[in-house]
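Quick note, the sequences are listed as chains U and C, same order.
If you count by the working numbering, then the first sequence holds residues 1 to 635, one letter each, in order.
If you count by the working numbering, then the second sequence holds residues 1 to 635, one letter each, in order.
No wet-lab data here; the hints were simulated from the structure.
Just to be clear, a hint being listed does not mean it is correct.
If chains are identical, the list can't say which one is meant, so a pair holds when it fits in one copy or spans any two.
Unchecked claim - Heads up, simulated PhoX-like pairs for lysine-lysine below, C-alpha to C-alpha not over 20 Å straight-line:
| hint | residue 1 | residue 2 |
| --- | --- | --- |
| 1 | K90 | K515 |
| 2 | K187 | K90 |
| 3 | K260 | K216 |
| 4 | K405 | K488 |
| 5 | K402 | K321 |
Nothing here was measured: the structure is a model prediction, and the numbers come from that model.
Protein chains: 2
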Amino acid sequence: MLKIALAQIEIIPGRPDLNTKTMFAQIEQARQQQMQMIIFPEMSIPGYFLGDTWEQITFLKDCEEYGQQIIESSTDICIIFGNIAMDWTKVNDDGRIRKYNACFIAYQGKLLGNDNFPYPFRIKTLQPNYREFDDERHFYSLRKLAIELELNVNQLLQPVTINIANKQLKLGCLLCEDGWSDDYAVKPIIALQQNGPVDLFVNISSSPYTIGKNNKRNRIFSAQVTKVNTPLVYVNNTGIQNNGKTIYTFDGCSTVYNRKGEIIEYCPGFSSSLTCIDLHLTTDHVKSSSTTPNDDRNISTIYQSLAYGTKYFLDSIGLKKVVIGASGGIDSAVSAALYTQILGPDNVLLVNMPSIYNSKTTQNLSAKLAQNLGCLYTIMPIQEVVDYTIQQLGNAPIVDLKSGKEQQLKISPFVIENIQARDRSSRILAGVAAAFGAGFTCNANKSEMTVGYSTLYGDQGGFLAALSDLWKYQIYELAIFLNTTIYKKEVIPQEIINLVPSAELSFEQSVDEGKGDPIIYPYHDYLFKAFMEHWNRRTPEDILLWYEQGVLEEKIGCQPGLVATLFSTPDEFITDLEKWWKLYTGMAVAKRIQAPPVLAVSRRAYGFDHREAQNRTYFTINYQKLREKLLLKAK
Amino acid sequence: MLKIALAQIEIIPGRPDLNTKTMFAQIEQARQQQMQMIIFPEMSIPGYFLGDTWEQITFLKDCEEYGQQIIESSTDICIIFGNIAMDWTKVNDDGRIRKYNACFIAYQGKLLGNDNFPYPFRIKTLQPNYREFDDERHFYSLRKLAIELELNVNQLLQPVTINIANKQLKLGCLLCEDGWSDDYAVKPIIALQQNGPVDLFVNISSSPYTIGKNNKRNRIFSAQVTKVNTPLVYVNNTGIQNNGKTIYTFDGCSTVYNRKGEIIEYCPGFSSSLTCIDLHLTTDHVKSSSTTPNDDRNISTIYQSLAYGTKYFLDSIGLKKVVIGASGGIDSAVSAALYTQILGPDNVLLVNMPSIYNSKTTQNLSAKLAQNLGCLYTIMPIQEVVDYTIQQLGNAPIVDLKSGKEQQLKISPFVIENIQARDRSSRILAGVAAAFGAGFTCNANKSEMTVGYSTLYGDQGGFLAALSDLWKYQIYELAIFLNTTIYKKEVIPQEIINLVPSAELSFEQSVDEGKGDPIIYPYHDYLFKAFMEHWNRRTPEDILLWYEQGVLEEKIGCQPGLVATLFSTPDEFITDLEKWWKLYTGMAVAKRIQAPPVLAVSRRAYGFDHREAQNRTYFTINYQKLREKLLLKAK
């Protein structure tokens with residue numbers, strides 16, 4: 001039997017001082033509970049998403065120093081923790097100092113494991129470079145070390161031997177991705193077991209929340225554990241970390257699997273905790289019913305991640321108040337309800353900014369929303385400055401200084417739409433936020449972000465786009481969830497949920513006449529999802545082929561029969577498809593480059609998990625052939 | 001003797017159709033000149049910086065199809081080209097289809113090289129993951145393949161045998177980074193030579209311009225070539241490619257080195273060309289004087305890169321006109337002179353936007369600049385709307401909907417400064433640009449970007465930050481270069497060059513009284529450079545240590561003796577240091593997340609080459625000790 005503490009701590013990225021302090025407190029607590037071993041997450045001292053801070057030598061030295069302090073405190077308890085490990089005598093491929101993403105096993109004031117390995121720590125073997133991860137940029141993997149040492153990597157996957165209470169224990173140390181080896185040629189868990197046998201596997205992770213990821217992890221880890229017939233302890237951190245453009249929440253959900261692959265302990269999501277267990281290494285634990293993990297795809301978990309991420313992000317940048325442009329539409333309403341829940345009504349200021357195009361309907365709904373939430377409210381009309389701007393821009397003489405000739409600018413209706421959007425955000429909201437000591441929010445959803453249905457320096461501005469990883473249908477789900485489960489009353493007026501989505505920037509977008517956005521969310525949400533969220537990203541070629549085959553709705557996941565009701569001819573379908581593809585790969589890219597950080601929940605969020613270049617739109621050879629064929633057939 | 005054509009082509013990223021067309025034209029031209037071999041750059045069919053477009057199966061299939069067309073056209077000429085190579089039976093580490101960054105050698109309609117290698121192409125061995133590169137995210141390296149096949153990677157570095165004109169030739173194929181192996185455990189050129197001997201090395205590259213890079217390449221490649229005593233042909237592309245946040249120019253500068261490492265052919269920079277040579281493989285070429293490469297660190301090459309990059313970026317997004325906010329200061333003046341040179345004066349509209357804080361001096365200088373350039377000019381004052389905004393924001397009742405109480409916002413002088421900046425960019429310039437069918441420029445320099453000395457949705461906005469990779473001292477160099485060398489007359493008035501840099505957002509920033517920016521460029525340019533541009537990034541600990549040791553100016557490169565004249569006590573020095581460090585790692589990160597794309601020229605530009613997280617500021621242990629020591633000593 002082994003007394004193990006799972007230290008599911010909040011890691012503050014880039015603050016080894018604060019993280020070490022947290023770790024000391026947890027070690028002390030584990031000690032008081034007579035634990036023999038405490039396990040911290042991956043990169044528990046420095047944090048994981050630090051951008052190029054890894055290139056600061058002085059920062060690395062601090063991580064080493066704080067790590068040393070942790071090692072020294074391991075007198076009577078075995079401490080397993082993640083940290084950056086330097087080999088100052090070697091370099092990475094980029095010529096900078098050699099850095100490993102490492103797992104340290106400290107006991108009796110010393111590091112273990114260099115009896116059968118070149119270093120007194122273990123090195124991450126499989127380094128993710130997909131999604132938001134950049135491991136190869138910073139860390140030298142065990143695979144590279146094997147090449148350098150001219151060894152087979154499997155030879156290097158050696159367990160760490162530790163003597164606790166006069167018993168010898170062989171530990172198999174895995175770092176995060178090492179446990180997700182399905183697509184890799186190297187299988188760390190198998191190699192470790194062959195070089196053992198291993199008594200206990202430990203996987204220290206720093207793994208962000210993603211819809212459906214824990215479900216998948218439990219399937220994969222259970223299957224692996226069953227194969228090697230050895231228990232596994234998985235420890236993940238909480239808190240938030242970001243890559244600039246994209247913010248990730250870490251949900252913890254640390255888990256203990258018995259040798260049968262059953263979950264015998266499941267730590268709470270989005271909450272720091274020290275969980276102490278007595279682990280029988282040789283007999284089987286019984287699975288208890290209380291340890292069944294939640295389905296992490298449901299709206300309740302998504303809300304938990306959003307609220308947690310938003311709160312922690314506000315804390316991290318020191319914001320206590322927000323200003324929200326409240327149009328009377330669904331996105332700003334959900335945003336207002338979310339922030340009010342996090343900050344309290346006194347710290348949320350809703351600003352309604354009507355022009356002549358805004359209906360009484362939405363103005364009233366905006367006031368009703370504020371009333372329901374009990375937050376601060378003000379109305380600041382934009383029409384006067386919009387009119388002034390149209391006059392000023394249209395009347396100022398543009399002088400050709402070579403000829404002396406003068407001309408004037410023509411202000412089109414489209415230009416006037418964008419003038420309104422920028423007036424609201426850049427003139428009013430940004431000014432109000434500064435005066436109120438707040439940040440103003442970006443309320444854009446993922447469908448809008450996909451095709452750039454927003455105005456730069458207008459509604460696309462803000463300090464955070466908390467809802468930009470949710471498709472419009474998820475925004476509605478969230479609205480209902482906020483009313484029914486969080487507030488337990490109708491804070492978001494049902495009329496807002498029922499209203500046609502509209503920007504109200506012209507009389508062509510009148511909500512009272514049922515006119516609204518050009519995006520037909522019940523179809524386009526799913527089309528856009530296929531473009532950007534599918535693991536193999538879909539292009540017009542895939543879409544058109546599925547359309548031709550009559551399987552489009554099934555393939556992209558929207559309501560059966562919907563496409564035929566929207567487009568009566570292939571021509572209409574193709575025109576729509578090409579319009580959005582051009583926007584997604586064109587102007588929307590330019591807008592996203594200047595978009596606020598996005599709070600990620602999905603398998604692919606905009607920003608660092610959707611790397612993109614501002615390139616020209618491309619249609620494939622087969623798309624063009626298929627297009628011709630369908631258009632010809634239709635004639 | 002081998003007749004080789006170096007096809008230094010412009011590659012359009014993401015457009016295999018257009019690139020293949022370019023290649024066919026070059027092949028035809030080489031054929032007409034009786035060439036036996038034509039060499040194209042790395043990734044000549046798809047382009048290189050494509051973000052996650054690599055995850056579109058349909059795109060990959062097109063690249064394969066276009067590659068096949070090129071192969072088929074190799075009937076009478078050997079064609080060496082770069083393309084993505086798929087193995088549809090295997091997967092990458094991320095579970096997506098296996099992709100190699102490959103070099104294809106086609107002759108007589110067939111691919112060569114699979115007699116001694118698993119594939120009929122060669123695979124990049126060393127994949128850069130530093131700076132702007134993300135190779136490991138997308139491509140499976142030869143190093144990984146070696147692990148998968150359980151072979152030593154050196155065994156896989158086999159030359160390709162080709163029979164041309166009844167002679168057998170052993171080709172050593174390198175892809176870009178393979179030639180920069182100094183910091184890697186694997187040395188492809190040496191392994192290839194040992195598995196040969198090789199008659200000719202070919203390095204196909206897609207290598208962006210960076211100040212000083214060609215100088216370094218020529219040193220490194222010459223040294224390597226000398227070691228293996230074999231000639232090397234380096235072919236690089238032209239054009240521009242981007243990673244969203246950062247735009248890179250590709251200068252070509254394809255080079256032929258003889259076996260002694262001497263340069264015997266040097267293709268022009270920033271210009272597409274087909275260079276045909278007769279290469280003697282066994283006798284030595286004489287180095288001709290005309291092939292001496294330029295020093296690529298001088299302002300003339302920097303200007304060339306900026307003008308080329310700006311022009312090609314405008315073309316790629318279809319912009320033919322720009323609007324520039326002309327303040328009468330140096331940054332906007334240099335911007336105006338640069339764009340006027342590229343687009344012609346009729347397509348450049350300068351807008352002067354005075355408030356009560358703008359001096360007659362700068363207003364007159366702005367008009368004089370426009371006059372000198374002969375471009376379009378207009379004046380649109382902002383004071384009325386700024387005053388209206390201050391009134392509107394300050395007078396609107398902010399209602400607490402719980403208590404019914406009302407309050408009003410206090411508009412501080414700092415808030416008013418930012419209102420002005422946003423009014424100029426978001427209200428006027430964005431509107432004018434839309435009406436004029438143009439984009440408006442961001443004129444920020446690198447020092448401002450470093451510490452966020454700019455207003456979001458204000459002077460930080462724009463479609464492109466063409467000068468944001470230049471420190472202020474380089475802006476001045478460029479101003480003088482534009483006057484003396486490009487325009488050959490004083491288009492940028494000397495008074496603008498002489499003027500104290502100032503934002504003129506308050507009476508505290510009066511240029512006529514010599515008051516200006518809080519950034520003291522002759523020192524801070526170099527301090528900021530140490531923070532962000534040094535290969536190992538410097539932190540306050542390094543800076544303070546150098547200050548204590550009296551070697552700061554020498555270490556960071558500013559004028560000797562300067563620091564003592566600026567700061568009379570350690571306290572003053574430390575206050576200044578901490579202020580900028582906090583901004584650089586704090587608010588400036590938030591601003592950069594929403595900044596326009598930057599045109600890169602330096603060894604590290606903001607954006608994709610300066611990955612950063614919006615984290616809390618950190619001061620190291622030793623910094624804090626040293627700080628205490630110096631402050632105590634000073635007392």
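Any hints this thing doesn't respect? Which numbers, in order?
-> The structure breaks hints 1 and 4; every other hint is satisfied.
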